[in-house]
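J.: Top to bottom, those sequences are chains A and B. Residue 83 in my numbering sits at position 71 of the first sequence, and the numbers go up by one each step. Residue 367 in my numbering sits at position 272 of the second sequence, and the numbers go up by one each step.
Warning: the hint list may mix true and false statements.
[Unchecked claim] To list a few chain A residues with every Cβ distance to chain B over 10 Å, as calculated:
{"hint": "1", "residue": "L27"}
{"hint": "2", "residue": "Q29"}
{"hint": "3", "residue": "Q41"}
{"hint": "4", "residue": "K48"}
{"hint": "5", "residue": "L312"}
{"hint": "6", "residue": "P334"}
{"hint": "7", "residue": "S526"}
{"hint": "8", "residue": "F606"}
{"hint": "9", "residue": "G695"}
{"hint": "10", "residue": "I866"}
{"hint": "11", "residue": "Q875"}
{"hint": "12", "residue": "L896"}
{"hint": "13", "residue": "S934"}
{"hint": "14", "residue": "R936"}
{"hint": "15", "residue": "T962"}
[To be verified] Here are the computed lysine-lysine pairs in the BS3-like style, where the Cα-Cα straight-line distance is at most 25 Å:
{"hint": "16", "chain 1": "A", "residue 1": "K909", "chain 2": "B", "residue 2": "K228"}
{"hint": "17", "chain 1": "A", "residue 1": "K504", "chain 2": "B", "residue 2": "K228"}
{"hint": "18", "chain 1": "B", "residue 1": "K228", "chain 2": "A", "residue 2": "K366"}
{"hint": "19", "chain 1": "B", "residue 1": "K297", "chain 2": "A", "residue 2": "K319"}
{"hint": "20", "chain 1": "A", "residue 1": "K909", "chain 2": "B", "residue 2": "K296"}
If you're looking for bench data, these hints aren't it; they were derived computationally from the structure. Every residue, glycine too, gets a C-beta built ideally from N, C-alpha and C.
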Amino acid sequence: MTDLKLVPTVEHKDLVQEMKHIIAQARYQDVSWFLKKYKNGNIKPLKATLKTAISIILHQRTQHTDAEFYRLAILQSHSAYRELSFTLDLFMLGLYQASDHIPQASSLLESLDRAFVDPDVLTLLLWAQPDWLGTYIRQELKRETSHSFNYHCLRFLEDAKLITFDAELFALSIAKIPEMQYSYRLEVQAQHIRLHLEDNKATPELLDRLRIQLQQYEKFPLTTGRLSHIHDMRDTISIQQHLNFYTQDQIACERDLPLLLQYESYIDKYWAHLWIEIFQQLLNQQIFQRLSFLQHCIDLQNSHWHKGVKAFFLNIFLQNQPNSTELLQLQPALFALLHHAEKSVLQFAHNQIKPLIFLAEFQQSDWLSWLDAIMMRTDLKVLVKNLLIIFKQLLKQNSPQQSQILALCCDALVQNDLNIQERATDLIVKYAKTEHDAMLTEKLALYAPTLMVEYRQRLQPYLATQLSNTTQENNPLLHYVIQPHTKPCYLKAEQKIEWLKNPHEWLFLLQRYSQSHHSIDAELFLAHWLQLQTQLPTDLQQFLQPVLKHLSDYSFIPQDDIFKQLLNCFINQRSMNALVRRYSSLGLLYHLPFAQFAQFTTQINNQQTLGFLSTPTHAPCFIEPKILLQRLLDYQTHQVDIDLSDFAIALCRMPRENLQDALPLLTQLKSIHLRLLMQFALGTITLKDGQFPQAAFIGLDHSQIALYQGLWMSVAHSHNFRSTLLHHLSTVPSQNLLNETLSSVYARLHPQHIRFRYVETYVFEQINTLGHSALQHDFSLHAPWAYTLTPLNCIGQDALLAHSFYADPTRMIDFFAKHLASLFPQNNTLNPYQTFILALGLLHQDKTVRLASIQLVADAIQQRFLNLQALAEQCIHILNAHSLPFSRLTDSLDQLKQQIQPNNDALLHLIMYSLPCLAQLSERPKQLKKYLEIYYELLQHFQHAIEASTHNILQQWQAESPSLNRIVQKIMALQGVSSC
Amino acid sequence: MLNLKEVNAYPRYFQYTAQSQHVNFSALCHAKKHQQSGCFFDGQARQPTLFAKALVALSQVIRADFSPKPKPVYDPIVTVEQENLRFEGFSSCNSMYIRLDVGKNALMGHFFAQGSTHVNFNDPILTALSTLKKEQNLHFRISHDAVHMQVNDTYFTEQKVKLSPRWVKALTEVTYELAQLDEKMHLNSVQSRQFWQILPKKSESKTLYLQQKFQHCQLSPIAHKEGVALQALERLQLLQVLAPYIDQIKIYQKSQHGSCALVFSLPNMQLTCLLSPSVTRGFSGEGQYLDDLLHDLPLDWVAQALQHVQKNAIIKQPTLQTESAMSERQKQQLKTTLSAMGVVGFDLDQQDYFYRDLPMHLQHILSLNPRLKHAQQLLDQQKISSLIQQGQRIEAHVQGSEDRHTVLIQASQAQCTCEWFQRHQHHRGFCQHILAVKVASREQVPNVAHSTQDHSVICLH
């Protein structure tokens, strides 16, 4: 022990200083001595010092004035963190009482545990008598389930009267079986006690307690020989030791182990086998009453406890294999599980109840009263089918609960399952009597909309006639045909973008842009900057400061936002070289934002307020022709050369709408090249024989011609070639869609005589050339931006997206759910790539993606622009190519059925188109039954005839698979064709 | 042989609760004696299993922590009205509010007085409730300082605990939010069964839109204007135990960016859940109502309204004698003030406020709303400079702790360049700078009517 140069009359200041030294130097051996000597009369400053030390050392608060002292002192004394925290823990144990705020210290439980092996700690505890130990340990164990506190140590603390019995605490502690090394510690503890007794330094009271403790340990001698082998921790010797202790120690087995059934505790799964053995022995020794124990195991399942603990007790229940007599006594407890949310627990309850149902003592009525919840659960179809079989037997036996059973059969009709509806209908039709009419009518009124046609007809006597008539009258058949393409309206008044008028609004635009992921916001911000630059304060940096400061704090610069990265470089005056290098390798398309930013910096430097030609006027990214012409005239007035990349994007964003305002401005354009191009863009001139007019390029040099040709091509692709391109793609077989590269498609459509070396202005070609590099760098990251470039014709982007999605569907999950709906056009048409993406989505492993796709397919069907045949073929092609589970398609179709109008036969067509494709597969898909059930239901609903080819396919499947026999027979029967 | 029940004969008390004591449930004492002892209600549940399940579900939500946040709070607030009981609370992360309204037909017993208490529902009582069988009884007594329960043969006493300030703060927000909501969807019994089937089992970060289509309810990640936007729907999984009993679900929402309330109808009971737009957004941190608190209502109006709700348990029109002289805006402000004190809650089904007897005063409002307090400090320290008001447009600069912030208010839209606004935009009420500018600008307008009487403490200037 270190000599302390302190006298009893020491000043508070010196005392505090000494305490700080003890802490910083981790002299934990001095804590007990120090506190015994100076605690009385100095408790307040000592607690304050401890609080500061804890906040600095344990909670890493560096702002405190003492922080530097501790840092240096710890450095000089080379104190280890473990020893430091132990020293602090000892001070806490010695100073705090329950009325104090005990800080959360991760090491405190460990230090307390040390009381078991370290007589100094024990002496300190016995001297200080902290009254908060039990509460603290319980709270810690509950706060962090991975924490444990040794049960033996807890018992030791209880024996030493340092804690009182706390049921929950003991349950939490006993649930965690100490590791094997603990037996070593027990031995060490016993040795310490022996030494302590030999030293004879302790008080008589403590010595007595230690003697008792020693006897207690020696009662359960532990082996220490194999302790060095960590792998042997759970060896049989160890298990036997634990088993002996838990089944022989009276307090453990009679007082504490039953607590595991009352308090939620965390039984370590690694020791599950031991726990099963312990409980088994306690049951065998009749320390636990068997029936009561079994009942607890069942009751626990309805508790809020952790699933793993509940499953553990369920397992013990099953291992005990209760007999019928016992199960009959446990009936009420088992029934209570029938409302359980977990499928497995419900199945367990059913399995236990099933053998009892036909016994005389079985409380049938009570059981039936619990079943209504099960009958309607779609995740329990198998169980519902089993129950219907049982009901059939009960009804055959003239069960007195006939009414209850029939009501449950009605509830089963809510299941969208052919087999269940058939069984339930059979039972109702066969066993319903006049006295059940009212109940059946009331119940069936609710379920009528979900009933399949066949069963609705069979249950007609119980259905309100009014309901069925109204349903038919209000829902005439909607035969699905693709709607002719209608010209969409892009420039909607409500979509007009408001132009900001003052710098403050612009500042808030920057703030909003920092949170948004829309590149259009960036373009708007830059455009406004140019426009408002004369009004901006001279000290722009200070003006932007409040917003910029926050922007640097947050993830302002995501990797997928080129504009944000460029803006960040510009504002912070950093080099853009790294960005240029990174994006130049990705493809020519990525030069566009750089070009736009270069134009921005040029205008800023020249104090020009012209802005960009391509800034949208209408959301999401369209430009009104009149505005574009006005911008061109402004450039002309100011004699500023237009940026052709910017102009190319502007042309791609300009629909041929509101032309009456724009056309008069055309004549003001002095440049013949621009005038002709704008005339072409506005649709006032057309191409003759697919040739651009010669006058469009007169007087231009070779490179300029190429650039202008690119502009003409951009316009052409935005408007003229759209229909041709779609027509071409529709002729490509769907399975070859991805083999047909865009280059080859475009190549066939390009007028052969047009050759150009420069493609900066031909945006579509840039998208085309993006191809491979975009796939490597995850096109989804940049897709939202790419889609804003050519909003009138996004087939290139769609193709890239389809490739990217097909190549790695998992990478696209977030993107799909977030952006896909906004990327899909609102112009009532879907190109083959979009259809392909939808097919991929319908079969996606992620449920959210499937839900999104189902919604989009349903919308497309509703608006009649989905090519069902293409979708069906693509679905089957993808299923086959990727060997995906067929159930995904079935599930999607099942959900789709609920999302489209019941009288729309689109889904039937979709299945009909897919059947021949399925038949061509080398291997018949599994789970065809559900698929055919949907088909049967739709055929019946629309009274549709199957074609001869389908008939042959079904016959073939029937021959191959007996499980399909029944459903195929049903389909055949609809047509009056016997399958025999 | 030792029965487990006998084994439990060891001192059986529960750490959080008072020591188990025998409560004489069998013989109802004289009503007057009950009233004197502070007893609000004494009786039994008519459907003990359902009632127990509902209480367990409520407690489960209160214990649940949907985001890694602070230590859990276990204490539901219990309010006894003339003929109803209300149990309410928040999930530990504060992102979900839950209230169980128990009607008189669900109870057999005596209502002695109106009042509220807040107790912990700890493990033993929850375990007992969750294992209650159909034939067993559930008897309980609610008094001002405790809730006593007799579940089967075991007695439990849950003592009153200190109400977390975070909860009080959240209660004020929830009342305001609930009062703003519109009914969007009504699911019948079949659709409500479907609803539980389509709920995501795992944590889902994306917003899902609930839609009703052709007799079915569907979830989709794609935004739909007629859909109800729901985030982190897995929060409702804890209520699935009640699914078999739910007759219908009403869903309320103001906007798709805001919170969403679901009212589950159980036999003679109702369960109201309010979900915040995200699990990371606790109701205690919202502040949508702060704007409404910037008023100059006379103190005696607030006092009168408070007396009225105390007496009538619910706010019925007219609340005040002087109400005819009040504008619609002032009426709303009055209700918001009562909400902000935490003394009233909102019943969506009845579309009315109910009284909750919490130890709250008007003075607590500032302490519960640091943004208001800081706005007050900004005004006191004259940190607002260059306030320009042109019609409905106000432009001002407010000196913050480090930077000078710009505040721009145009009609009902307000923006600020501060970090708080940057992070939350308009989703969590106004920042302190906007609040301060609003008050300062109002003072500049000569036509604002100022009562000569004492004004409530929430009138910042």
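J.: If a hint holds in the structure, say so; if it does not, say that too.
T.: Consistency of the hints with the structure:
1. L27: Label holds. Min Cβ-Cβ 34 Å, cutoff 10 Å.
2. Q29: Since the minimum Cβ distance to chain B is about 35 Å, Q29 (chain A) lies beyond 10 Å and the statement holds.
3. Q41: Fine: 34 Å to the nearest Cβ keeps Q41 (chain A) off the interface.
4. K48: holds, 31 Å
5. L312: The assertion about L312 (chain A) is violated, with a minimum of 8 Å to chain B.
6. P334: holds, 16 Å
7. S526: violated, 7 Å
8. F606: Given that every Cβ of chain B is farther than 10 Å from that of F606 (chain A), nearest at about 28 Å, it holds.
9. G695: holds, 33 Å
10. I866: Check fails; 7 Å does not lie beyond 10 Å.
11. Q875: holds, 14 Å
12. L896: The claim holds: L896 (chain A) sits with its nearest Cβ about 21 Å from chain B, beyond 10 Å.
13. S934: holds, 35 Å
14. R936: holds, 30 Å
15. T962: holds, 27 Å
16. A:K909 <-> B:K228: Distance ~40 Å between K909 (chain A) and K228 (chain B) Cα, so the pair is violated.
17. A:K504 <-> B:K228: violated, 63 Å
18. B:K228 <-> A:K366: The given pair, whose Cα atoms are some 20 Å apart, holds under the 25 Å limit.
19. B:K297 <-> A:K319: The given pair, whose Cα atoms are some 15 Å apart, holds under the 25 Å limit.
20. A:K909 <-> B:K296: Holds: K909 (chain A) and K296 (chain B) sit about 23 Å apart, inside 25 Å.
In terms of the numbered hints stated before, the structure departs from hints 5, 7, 10, 16 and 17, listed from lowest to highest.
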